[in-house]
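Both chains are given apart, each in its own frame, so use the hints to dock them into the complex.
First to last, the protein sequences are chains A and B.
Under this note's numbering, think of the first position of the first sequence as 11, with each following residue one higher.
Under this note's numbering, think of the first position of the second sequence as 242, with each following residue one higher.
The set of hints was computed from the structure by calculation and includes no laboratory data.
Glycine included, each C-beta is placed from N, C-alpha and C at the ideal position.
Incorrect hints may appear among the rest.
[What the hints assert, rightly or not] Stretch-level coverage of chain B by chain A, calculated; a stretch enters the list once three of its residues show a Cβ under 8 Å from a Cβ in chain A: (1) 283-293; (2) 346-353.
[Claimed, not checked] Looking from chain A toward chain B, a few residues come up when the C-beta cut is under 10 Å (computed): (3) Gln48; (4) Phe77; (5) Ser80; (6) Gln118; (7) Leu122.
[Unchecked claim] Residues from chain B that keep clear of chain A, each with C-beta distances beyond 12 Å, as calculated: (8) Thr256; (9) Pro280; (10) Ser308; (11) Lys312; (12) Glu314; (13) Arg318; (14) Ala323; (15) Val329; (16) Thr342.
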Amino acid sequence: AQSVTQLGSHVSVSEGALVLLRCNYSSSVPPYLFWYVQYPNQGLQLLLKYTSAATLVKGINGFEAEFKKSETSFHLTKPSAHMSDAAEYFCAVSDHGGTSYGKLTFGQGTILTVHP
Amino acid sequence: NAGVTQTPKFQVLKTGQSMTLQCAQDMNHNSMYWYRQDPGMGLRLIYYSASEGTTDKGEVPNGYNVSRLNKREFSLRLESAAPSQTSVYFCASSDPPVGNTEAFFGQGTRLTVV
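Chain B on its own, in the form it takes in the complex (with noise of 0.2 Å):
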């Protein structure tokens, strides 16, 4: 059982330079989003998804776009990288949105901006 897939799961970018994370979920599910994690901070949301063709902002989304490319697949666009984006990136899913049920989390991207 794959669940939700991330890809890569690290990456070293130099400022200024661009990168997609991607997310791929097998679970049929309509909902997903894009956390950051930073210490001492908990994870917050960046961007979600609440269904296929539909996208919007959540807490910090600023230096960041993404793409509900179909049911399955939902990326994640740093334009130009820059050292405050230096952070572990977590896509989840769920199906309904996150309400009375869980979220499942990929494995994370460890994405350090230099």
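This is chain A alone, in the form it adopts within the complex (with noise of 0.2 Å):
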């Protein structure tokens, strides 16, 4: 089955630093990955997706994502962090077949401060 591992629950960065949220996967077969927002009482709202097109994903919002196969990771970047990006944070995956085609499977979440 697949899992997926998000390493920190907590992220707190300064407003204008780094955003660098991790993302490892467990599977054989490059996935489809998934990197979703969730902003307080709200529903999930994709931010970027990688499908095997390009290993350099942009999303919205100015994050973006690397995918390392030799790595399993998916981690999520952001070069200057703003008040308006804390939220947590969810990486999902995807197979491409199989019984687990066409669900996700989600990591555990980290929830990103910003501080002034």
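Listed below in structure tokens is the structure:
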């Protein structure tokens, strides 16, 4: 079964600092990978997705993520944090086929706090 | 653009009571999903429906039933609520099934079982 690990349940940065949220997946075949953001009391919104077209994926709000097969990682970064980035972030994977196809497996989530 | 609409937004139940969470999407998607979100555990799939007329169990189906009423609507029923079912429930839809496409999520239903 697929699994996703997000290192660090809480990350705190200063406004203007680099944001780095870590995600590692377990799969023998590179899956489809996603980052979602959840603002307080809201649903999940897609930030970006990897579908094998390019290893560096750019998303909304200045976020990007790099797929590294050798490290089974898909870390999320943003060069300069804004106060509005404070939210919970989820990494998720979906298989290409088999019994897991069409279903998302989520990581535990990382709460990002941005200090003035 | 409504997207995925869930009702109710909040609910408090007593142990043993039953209720149905409603979900409707207006994007003509074939696949629909129910997830529950618990602190520190991310979202876990309860049930999903790959297409109208089909439903399958996800990771945590015990204590729940679902109905794919038509292409738009996918409901989740708790027959006898338990405190362990206190959670935030999200409905999602996608087309095709999530693979190289994204899932769209509703705003969630916050359920407390006392």
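Each hint, compared with the structure:
Only residues whose beta carbon comes within less than 8 Å of a beta carbon in chain A count, and the stretch 283-293 of chain B has 6; three or more means the coverage holds. Counting residues of the stretch 346-353 of chain B whose CB falls under 8 Å from any CB of chain A gives 4; the rule of at least 3 is met. With a cut of 10 Å, the hint placing Gln48/A at the interface with chain B holds, because the nearest CB-to-CB distance is about 9 Å. For the restraint placing Phe77/A at the interface with chain B, the shortest Cβ-Cβ distance is roughly 13 Å, beyond the 10 Å limit, so the hint is violated.
Taking 10 Å as the C-beta contact cut-off toward chain B, the hint placing Ser80/A at the interface is violated, the least distance being around 22 Å. Because the beta carbon of Gln118/A sits about 5 Å from the nearest beta carbon in chain B, less than 10 Å, this interface hint is met. Taking 10 Å as the C-beta cut-off, the interface hint given for Leu122/A is violated, the closest approach to chain B being about 15 Å. Here Thr256/B stays apart from chain A, with its beta-carbon at least about 25 Å from theirs, past the 12 Å limit.
Not every beta carbon of chain A lies more than 12 Å from that of Pro280/B, the smallest distance being close to 8 Å; the non-interface claim is violated. Even its closest Cβ contact with chain A, about 19 Å, leaves Ser308/B beyond 12 Å, as expected for a residue assigned away from the interface. Here Lys312/B stays apart from chain A, with its beta-carbon at least about 16 Å from theirs, past the 12 Å limit. Every Cβ of chain A is farther than 12 Å from the Cβ of Glu314/B; the closest lies at roughly 18 Å, confirming the non-interface assignment.
Interface exclusion of Arg318/B from chain A stands, the closest Cβ pair being 20 Å apart, more than 12 Å. No beta-carbon of chain A is positioned within 12 Å of the beta-carbon of Ala323/B; the least distance is around 23 Å. Not every C-beta of chain A lies more than 12 Å from that of Val329/B, the closest at about 9 Å, which undercuts listing it as non-interface. Look at Thr342/B: its CB is around 8 Å from the nearest CB on chain A, not clear of 12 Å, so calling it non-interface is violated.
Consistency with the previously given hints fails for numbers 4, 5, 7, 9, 15, 16, ordered from lowest to highest.
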